[in-house]
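Peer 1: In order, the protein sequences belong to chains A and B.
To convert a position in the first sequence, counted from 1, into the numbering used here, add 1040.
To convert a position in the second sequence, counted from 1, into the numbering used here, add 142.
Treat the hints with care, as some may be off.
Cut-off 27 Å, straight-line C-alpha distance, at most; resulting in silico cross-link-like pairs (BS3-like, lysine-lysine) [what the hints assert, rightly or not]:
(1) B:184 with A:1413
(2) B:203 with B:191
(3) B:371 with B:203
(4) B:191 with A:1148
Hints listed in this document are in silico derivations from the structure and should not be mistaken for laboratory results.
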Amino acid sequence: MDTLYFLQHYWWALISLLGALLVFMMFVQGGETLIFGVAKTDVERERIIASLGHKWEITFTTLVTFGGAAFASFPLFYSTSFGGAYWLWMSILFLFVIQAVSFEFRNKAGNLLGKRSYDIFLFLNGSLGTFLLGVAVAMLFSGGSYNVDKINITNGASNVISTWTNPLMGLEAISVPFNLLLGLVLLFAARSLGLLFTINDMRSDSEIFANAIARCKKSLLMSGLLFVLLFVLFLVMLFLRTGYSVDPLVGTISPVKYKYLFNMMELVWPAIVLLVGVVLVLSGLSGAIFMKESSPLNKYAFYITGGGTVLAVWSLLICAAYNYTAYFPSLVSVQDSLTLFNSSSSKFTLTVMSFASLAIPFVLAYIVIVWRKMSHSKQSY
Amino acid sequence: MILEMTTIGLSRLQFAITAMYHWIFVPLTLGLAIIIGIMETKYFFESKKHGNSASAEFWKKTTRFWSRIFAINFAIGVATGIILEFQFGTNWSNYSWFVGDIFGAPLAIEGIFAFFMESTFFAVMYFGWDKVSKKFHLVSTWLTAIGANLSAVWILIANAWMQNPAGMVFNPDTARNEMVNFWEVVFSPVAMNKLLHTSTSGFMLGAVVVIGISAWYLLKRRDVEFAIKSMKIAAVFGLVSALVLAYSGDGSAYLVAKHQPMKLAAMEGLYKGEKRAPLVGIALLNPDKEITNDEDPYLFDISIPGALSLLANRSFDSFVPGIEDIINGGYEVVDENGNVSKALSFEQKRERGKLAVEGLREYQQSLKEGNDSLKAAAYTQLQDNFDYFGYSFLDQPQQSIPPVALTFYAFRIMVILGGYFIFFFIAVLFLTHKERIFSIKEQYKNFIYWIMILSIPLVYVCSQSGWIVAEVGRQPWTIQDLLPVQAAVSAVNPGNIYATLSIFFVLFTVLLVAELKIMFNQIKRGPDNLS
């Protein structure tokens, strides 16, 4: 196999995995949506926020690293999507900036805006931020209105390589039902994971939080159901979609009906990963809702559902680009669509980065160790 | 003025504002993390030796107080950091493609190695006091400090590369620079020097902030032991940092002279170069001075003869080119291999830049047509002239000159304040040694405390000025000689950037005010009453 070909696929698999882990870690965002509604008392609200407050940095760092790794491995995607869907990404950024300070500032005297404002910031990040991120990711399948011409750099005054043709600069993506749907899927996935995390967390003080746990379970029934149903609907829409295929020899890009379904069938392993993911999500959710606390499916529901989510998202992101698929189709100039081959970094850079990526298991290991250590002892009231 | 700005100006302003806000919070975390590490190490060994003695508890309390100050800054540093990273894509998309192959690798490595280390262990450092062992906590605090500083390493390497591109070739097939030697990128002298200079500036800033806050307690005659012991640690750490800072500052000027002579000329307000060039100590620039007139560049100046030649070339008798020389060319330059040649004029560089661009265009054309002989010729034309690629985007020589006044004054502010801080740390060390400060007369004592407190805003001015010299001084280049700002921006119309810029400005200002209020509040509560 050609080394560059391998490296392009390796890095797509890695950033997809990072994206999938990000979705799992967005239980923090999901948890933030609980502070108005599910949490009825101040004690409950404080507990939810305190527990999420110990984890938010890892989610945030995953997002930052996802951005960095995307820049490093597929810079043309970075420049085309970010420079084009300007308002969509900027809105997401604003919603994450207000999150970053809120956990630390909300309870401090002299915080200028008052506690409630920071709680609203957290809620906005958890709901709107998650939703918009889903919309942005959906564009990997549904595409955007852009042109790319690398030779533009020689064009004097109009020298921009990637240009966006829709004046709404990315906000138009919100009006596409397919994108909307993935936004909602992500929202309910994050909320379900947030509920599972909160139930798990409150159990260590079950005598104080019995009512809250019951409320979370009730809410989980609704969230989980919406997550699963919307996800199934999304899969149906995705598999019925026309995708774009790139000719490996000449690089021309052409539409292919049911492209993503074919990708699953031809590659097989992403289909298996997806299936395992879905089974895990269903087991975790039903374990948490219907089974006794002593059963492993209930006890570890958060991790089982989280693991399933990682696998499902990873499989779908793989499916977006593998098997000679244009992963961010251009709606105005199909031949400009981005593929793993025309948008990646050079062989040398990808090789250097691949050496660095060998440290990832080590990084994951210390995150897990720290997570376990920090989760062991109870919080005091 | 802002209303008349174009996409380029607004994109620059947005990036500058974000970077300057980011640089309010980050340097403090760089320095403070190490100071906290030293304090906690003291706590660890005290408690190991004497159990939970009063002394051990004192150091624990001290560590926790400064950790709180760290945490308040950390969150907002992260928030402003993510905006910077994503702005490369949103507002500098051409740049992202043109250098993504080089710039991206350090950024990805930073994510894998540094960001996770910092954020994971920060959670232990801040929330883990009662959850993990003392040893694990201490290790976590140091890993947070290392992670914070490692985060700075990679981004500074990337920045250094933009000031002095190394270890790459331009690939006409992909129309971008591609890395061919990672170690040349990482270990370029500019990168090493920048790393040392910027990190130690953060260390110095952290030390001054600790001393200033401690001085407030002394002024209020409260938490005296806490304040004086914090001061001692900060003063030693600050002095060492400030000395390394000065040393690397000298190295920095030398490298600027070598790789960015226009920046050096702007730093000095030097229009006409000379042998035994003087170093301007203090001066008032003549606002009417242009390259097109013969006005004196200074209204008044106090200069040290020959010192600029010594600083720039390590030789009193050497020639340092001024702005006009760099534009007109013709002076002698010596390259890394000792070869002497005549410097090109702006017009010659522009011509060669145009040849490079033409070569690239013809190369791409020949690819389409399958014309191999044209392709080879175009390739040679491109590579022979690529060093001046960016000049093809400039029309007037004036466009190659950075804002002289801003660079000139920022440089002076940085150097004068940097020098002040060396004496500041020596004075603090002297005064805190054997608690000499307490034997000084009351009225003088309070005056000294106020100087220490007011040094906090000064150190921020010093630090920001440093970045102004580095970044404004290299204009118009995003990548030295290869890509000016006008060829690096995204096609986002000014209205959109006005909007995001305004949102950023309001949001960051509100958060900054909130942050300061929270910090003042914590300081007032003191180490015994953390909320």
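Peer 1: Taking the hints in turn, state whether each one holds.
Peer 2: Status of the hints after comparison with the structure:
no.	hint	result
1	B:184 with A:1413	holds, 24 Å
2	B:203 with B:191	holds, 17 Å
3	B:371 with B:203	holds, 12 Å
4	B:191 with A:1148	violated, 35 Å
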